[in-house]
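Mind docking chain B on chain A? Use the hints.
Residue numbers (the UniProt record's numbering), protein chains in the order written: chain A, 1 to 156; chain B, 1 to 362.
Do not take every clue at face value.
Reference excerpt, derived from the structure (chain B facing chain A, CB under 10 Å, subset only) [claimed, not checked]:
id : residue
1  : Ala230
2  : Ser232
3  : Pro233
4  : Leu234
5  : Leu236
6  : Thr237
7  : Pro262
8  : His263
9  : Val298
10 : Asp299
11 : Glu303
12 : Tyr306
13 : Phe309
14 : Lys321
15 : Asp335
The calculated lysine to aspartate or glutamate pairs, modelled on DMTMM-like cross-linking and capped at a C-alpha distance of 25 Å, are [stated by the list, open to error]:
id : chain 1 : residue 1 : chain 2 : residue 2
16 : B       : Lys288    : B       : Asp223
17 : A       : Lys25     : A       : Glu110
18 : B       : Lys247    : B       : Glu194
19 : B       : Lys321    : A       : Glu124
20 : B       : Lys321    : A       : Glu10
21 : B       : Lys314    : A       : Glu10
22 : B       : Lys321    : A       : Glu122
23 : B       : Lys121    : B       : Asp108
24 : B       : Lys100    : B       : Glu194
25 : B       : Lys88     : B       : Glu208
26 : B       : Lys321    : A       : Glu120
27 : B       : Lys121    : B       : Glu194
On the chain A side, residues computed to face chain B include the following (Cβ under 10 Å) [what the hints assert, rightly or not]:
id : residue
28 : Ser62
29 : Tyr64
30 : Glu101
Just so you know, the hints here were simulated from the structure itself, not pulled from any lab data.
The C-beta atom is built at its ideal place from N, Cα and C for all residues, glycine as well.
The residues making up each chain are set out below.
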Amino acid sequence: SATILLVGAEGGPQQQLAEAMLCEKKDFNINIHLASSLPLPPERDHLRPRIDLIAFVIDIKSKYSLKSVQASLAYVDVRFFLGKVCFLVTGVGRVNNCSVEMNAIWKLGEDYCSPVIFCELELEGIRVATAQRLLRMLQICAGRVPGVSALYFSLL
Amino acid sequence: MAGGAGRGGAGADGTGVQMAGGRPAGSAIEMEGAMRTLPSSGRPSGTGRLSRGPLFGRNYGLSPGSRLLPPRCQEDADPQKTAFLLRKQWTLYSVSPLYKFSSADLKDYARMLGVFIAAEKQKGLAVDVDGELGVRVAMSGLPELRGSEQDPAAVLVQLSLRSSLSPKNSEEKLIWSGWFCCVAGDDLLENLPENFTCLPLFLVNGAESYTAIVGSWFQKTFDCCFRRLAISPLNLTWMAAMWTGCKVDKNTAAMELLFSVPHLPQPLDISYAIHPEDVKALWDTVQKTPGEITQEEVDVFMECLYSHFHRHFKIHLSATKLVKVSTGIASAHCDGIIKFLQSQYLIGVLMLLTELAISQIQ
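So that you can see chain A by itself, here it is in the shape it has in the complex:
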């Protein structure tokens, strides 16, 4: 089984994305953890399975979501940045609502060598497509696809 951690400010689309992922057909078990910020509560450390992929959700309509993701990144172990972290940027459908400037997002992706995926998670079709992409990435990060390793993602 594989575990994915979705981190994003409260009120974001993580919950719906998680549900979309659970609805997809797959041949392996997945665990989805949701958090609004890191670090995760230490009390449950011994119960938590190894996390294979961390996806940070940023809403460009809210500068706060970018700030909370930036603060959480400090608590991620270095080894995750070898392809096991990705950024999901939502809210890009409505140009006139953006509060975050794009350069900051690109910089984030470059600084942390992780792919930045733009997806309008409020639209169901794109949410389903993103869920499928994440599942595929999760499969690779968990080592379930022979010959393909997570290192490829840091080249995206």
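Showing chain B alone in chain A's frame:
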């Protein structure tokens, strides 16, 4: 390695400086390329114009790394001419270039537009209150509203109602005004083919029905396209910062920011008013290069305001949507509504709005 590298080497290039939030503490990844600047999208050109990145067809939130502060017009040459523009609410539109528009034929255009409006009224489409003699159209040029000689002169269209109550006086009540202008539209003017006039910004004050009629006449006659110009919260923060940086003589109004809180069953608006001297003092500590503003400075400025608010009210304003900015210079609403309050900075504000209009057209 990363440190405060930004300012020294990269000069005014805002994108080279570290993020406003600071580098995260525990991250041991200091990769080689971590501080390299981004591709062209953020780099300011010599005049601080918006450089369009190759990434998106529209500017989703690509704002320039830096902009020039609006110049203060020292000459008091006829502030009367533009005085009528102040203290009115103008709705913003972006207009694609006009084909075969000549500023010498304004009288003919006014006549044709008058005929068109009369025809529309016959059809029963115009909202006509009490004018029996009909609507008179006046078109004139506003040559003082331009950034440089390269910009086409602004064009003003005014609709007045002729009332038959006092035919001797021929009093006319101004019912609708709209004006096209272009201030420092170098980007668009460079690549303009023959016969096209570029007046990308259109400001309207008056009834929506007349706006529709005048707009459709222009669209039919000059093959152009009008679109509402909305202002994103990101651009509103730029305006807040830029207008705070402007020096004003007299006592000005407080700076007021209006936020709308999303995801609530009942809509909630938060209004945050700051004393103009305090906010100017704050801005003075943030801004480094006189005459130029970078994205970093805007971010830091807004962050200071947000954290002050959070300290007192425990509300994260950065999670809300900024919808309106009011300063002593002008006030802007995200639906594309602007109000000019100072004639000295009129050109400066128009320069920014022209830039936004151009980026919406392209």
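Consistency of the hints with the structure:
no.	hint	in the structure
1	Ala230	holds (4 Å)
2	Ser232	holds (5 Å)
3	Pro233	holds (4 Å)
4	Leu234	holds (6 Å)
5	Leu236	holds (9 Å)
6	Thr237	holds (8 Å)
7	Pro262	holds (8 Å)
8	His263	holds (5 Å)
9	Val298	holds (9 Å)
10	Asp299	holds (8 Å)
11	Glu303	holds (8 Å)
12	Tyr306	holds (8 Å)
13	Phe309	violated (12 Å)
14	Lys321	holds (7 Å)
15	Asp335	holds (9 Å)
16	B:Lys288 with B:Asp223	violated (45 Å)
17	A:Lys25 with A:Glu110	violated (33 Å)
18	B:Lys247 with B:Glu194	violated (40 Å)
19	B:Lys321 with A:Glu124	holds (23 Å)
20	B:Lys321 with A:Glu10	holds (16 Å)
21	B:Lys314 with A:Glu10	holds (16 Å)
22	B:Lys321 with A:Glu122	holds (17 Å)
23	B:Lys121 with B:Asp108	holds (20 Å)
24	B:Lys100 with B:Glu194	holds (9 Å)
25	B:Lys88 with B:Glu208	holds (15 Å)
26	B:Lys321 with A:Glu120	holds (18 Å)
27	B:Lys121 with B:Glu194	violated (35 Å)
28	Ser62	holds (5 Å)
29	Tyr64	holds (4 Å)
30	Glu101	holds (5 Å)
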